[in-house]
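Q: As a plain string of letters, each chain reads:
Number of protein chains: 2
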Amino acid sequence: MSIEVDYRFPPGVDAERQAKVIAVGQTAGTWDARFAHHEEKLRSHLAEVVGGRTDPDGYSLATISFPETNVENDISSLLTMIFGKYSMAGAAKVVAVRLPEHYGSYPKLGITGIRERLAVVDRPLIMAIFKPALGLSAEDHAAILKEVAYAGLDIIKDDEIMGDLEVAPTLKRLEACRQIIDEVKQQTGRTVLYAVNVTGTADKLIEKAHLLVREGANALLLNVLTYGFSVLSALATDEKINVPIFAHPALAGAMCASPDYGIAYSVVLGTLMAHGGADAVLYPAHYGNLPFDPAEEIRIRDSLRSRNVFPVPSAGIHPGVVPKALFDYGQDVILNAGTGIMDHPDSPAAGVKAFFEALERVKQGESFELETLPKSALRRAVEKWGVK
Amino acid sequence: MSIEVDYRFPPGVDAERQAKVIAVGQTAGTWDARFAHHEEKLRSHLAEVVGGRTDPDGYSLATISFPETNVENDISSLLTMIFGKYSMAGAAKVVAVRLPEHYGSYPKLGITGIRERLAVVDRPLIMAIFKPALGLSAEDHAAILKEVAYAGLDIIKDDEIMGDLEVAPTLKRLEACRQIIDEVKQQTGRTVLYAVNVTGTADKLIEKAHLLVREGANALLLNVLTYGFSVLSALATDEKINVPIFAHPALAGAMCASPDYGIAYSVVLGTLMAHGGADAVLYPAHYGNLPFDPAEEIRIRDSLRSRNVFPVPSAGIHPGVVPKALFDYGQDVILNAGTGIMDHPDSPAAGVKAFFEALERVKQGESFELETLPKSALRRAVEKWGVK
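Top line first, the protein sequences correspond to chains A and B.
The opening position of the first sequence corresponds to residue 1 in my numbering, with each subsequent residue numbered one higher.
The opening position of the second sequence corresponds to residue 1 in my numbering, with each subsequent residue numbered one higher.
A portion of the hints provided could be inaccurate.
Unchecked claim - Part of the chain B face toward chain A, derived, beta carbon under 7 Å:
1) K41
2) G51
3) S76
4) T188
5) G189
6) T201
7) P284
8) G288
Unchecked claim - Calculated Cβ distances over 10 Å to all of chain B for the following chain A residues:
9) Y59
10) F83
11) P100
12) K131
13) A138
14) V184
15) K204
16) L211
17) R214
18) F292
19) P294
20) K324
21) G330
22) D343
23) G365
24) V382
Think of the hints as simulated: they come from the structure by calculation, not from any bench.
Virtual Cβ for every residue (Gly too), placed ideally from N, Cα, C.
Produce the complete structure using the sequences and hints provided.
A: Rendered as structure tokens:
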């Protein structure tokens, strides 16, 4: 089986020449007569240029097929091969990576497993983020969680910048929140997932993930790009980590935002996360006012779902976005709201209720026009944020 | 102590506004009256805009000072804080990061430690790369090493894409090369370092690093950006890893090459590697025909040296570059040649000899004009590659 990669070059680049440079330079390299006796073996490691075209706008696309034997069935060695040295060679962007189906890891739980743990099968899941991001005590976290959990929230996560700080130790936060989760379970029968941010140097991070799971963490959050795909894969293939891993896209823009350099969002947050073993992946949605291409978002969604990974569009998500998000995503989506829940004019609990009202209203085919809305949490949200 | 970051924005961006967005959005975020009782604590986590200017070309620079208490004294949490979410917000490039001196890790060996192990104090070190990159057997590696090691080479490294493959297991390669290293030591008294590429998911990679060191590896090579800074830090702070770590820049271009997005090469390959615990860092030099800014190269050199980390300029290094490289770097540099040694017209051993001839010629103040060169390995190299 082979690995196919599409590289896009801006106008003025000799794409045909560059494609050959990649096919040789990112694999075996060149060799001379001294290695003639190894000719066959060396050739078996070379990549091949299998396609190319130049579009009317002057951009060119080259497709290169790499032997799977050159890599280690993981994302890190894949990245080294397809764009390691070549990323430094000039303007070029990796816009698609097609991997063999078996390549890398599968999620341990994914869409079906997360739904089972929550016992919610027939609607999108609603997710919130602790806010403010820094400066709260473990007790503050527990108080916030209590409010939103009883209002019906499915999942909450740490802010990605909330690490294991002296002033806010991760384990304390988990212990305080775990009590609320147990209490909610006892009183309502409902499970609420709390994705705890797991951080540290790779060795300590893995140890801490074990500790957190032992201490009752029922989900983990990982900043995959600042810690490394090798850490995601380590957690994903670790039998002791029997909870879903939520992958956060922090730093993705450094690699993906430039039009002519780096790697497409759909590759990093779609293909690579899906084959890296994440159970759910957060990524920028086009609902806010940030510069995201809806076509890239659709590609991410489809790459993730093709491996049973939960898509978690984020940014600009508030109750008034629900009709549009359901149109774009259907049921298999986690709607992740930060301010869209925590900054509801009445309370975070009202923010959660507004989402469930919105889901129900879409289900009943009812309008979101302000004048048709009853006096409710949803109406208050729509007054503040409008409807998408 | 605080962490200062310079962000550069292209013309048309309201830099003043964006700087405020970063200072708040990448730290505590906003809060409302409910958290008034935490005001002081929340404020202590906020970053501050401490400088800004717009240059005549329309580019703006904003300097933001982040509290050190927000992060975990490592590179991964630092990246999440300074550019996690914001990297996805539009055109902006991190062009400088100023860390407190004690932040992160120091190299275990660095310039002084590597020189001690090699017992070479007064000249640049000469380094080669196994070539072809894939397709050789462990015995082939040993045969190549034998040739260059007896010719006087100081260090050799795996190609960064040479992983732990079924057709070429890392341990076999080490075992075969280790015999040569022992033999050279016995017969000449000289130590030759072999930086073995250490790969795998983070847990396995760390285990493998332990195994390789136990089996006699005297240096490691790590693709820091494809495996993660958290893996570099894990190895750098691991007492069992008592050998130098050579950091490879594979994938750096995906983050650094765009003029208006991502993070500057000097930050990723200079500042972050130097505080991440690498002993020696490879990075693109401006000697070849690749698009690297000599000013960035100088910044990388100085960041690394300021923490006793060996700079390893790579790309376009051949014997004819030695006078220019010595002018730019002086003695504390590792000259890393791929084809510049392995593709010498006579042999890889002649490639190594040509480098030492070149060093001696510079020392004696002798010319590199072709007609002044004796019939020698250096002359053959200069005939092929010229003089920089």
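Q: With reference to the structure, classify each hint as holding or not holding.
A: These are the hints, each one checked on the structure:
no.: 1; hint: K41; in the structure: 5 Å, holds
no.: 2; hint: G51; in the structure: 22 Å, violated
no.: 3; hint: S76; in the structure: 4 Å, holds
no.: 4; hint: T188; in the structure: 24 Å, violated
no.: 5; hint: G189; in the structure: 29 Å, violated
no.: 6; hint: T201; in the structure: 4 Å, holds
no.: 7; hint: P284; in the structure: 5 Å, holds
no.: 8; hint: G288; in the structure: 10 Å, violated
no.: 9; hint: Y59; in the structure: 16 Å, holds
no.: 10; hint: F83; in the structure: 6 Å, violated
no.: 11; hint: P100; in the structure: 16 Å, holds
no.: 12; hint: K131; in the structure: 6 Å, violated
no.: 13; hint: A138; in the structure: 13 Å, holds
no.: 14; hint: V184; in the structure: 21 Å, holds
no.: 15; hint: K204; in the structure: 7 Å, violated
no.: 16; hint: L211; in the structure: 15 Å, holds
no.: 17; hint: R214; in the structure: 17 Å, holds
no.: 18; hint: F292; in the structure: 8 Å, violated
no.: 19; hint: P294; in the structure: 15 Å, holds
no.: 20; hint: K324; in the structure: 20 Å, holds
no.: 21; hint: G330; in the structure: 25 Å, holds
no.: 22; hint: D343; in the structure: 7 Å, violated
no.: 23; hint: G365; in the structure: 35 Å, holds
no.: 24; hint: V382; in the structure: 19 Å, holds
When the structure is compared with the earlier hints, violations turn up for hints 2, 4, 5, 8, 10, 12, 15, 18 and 22 and for no others.
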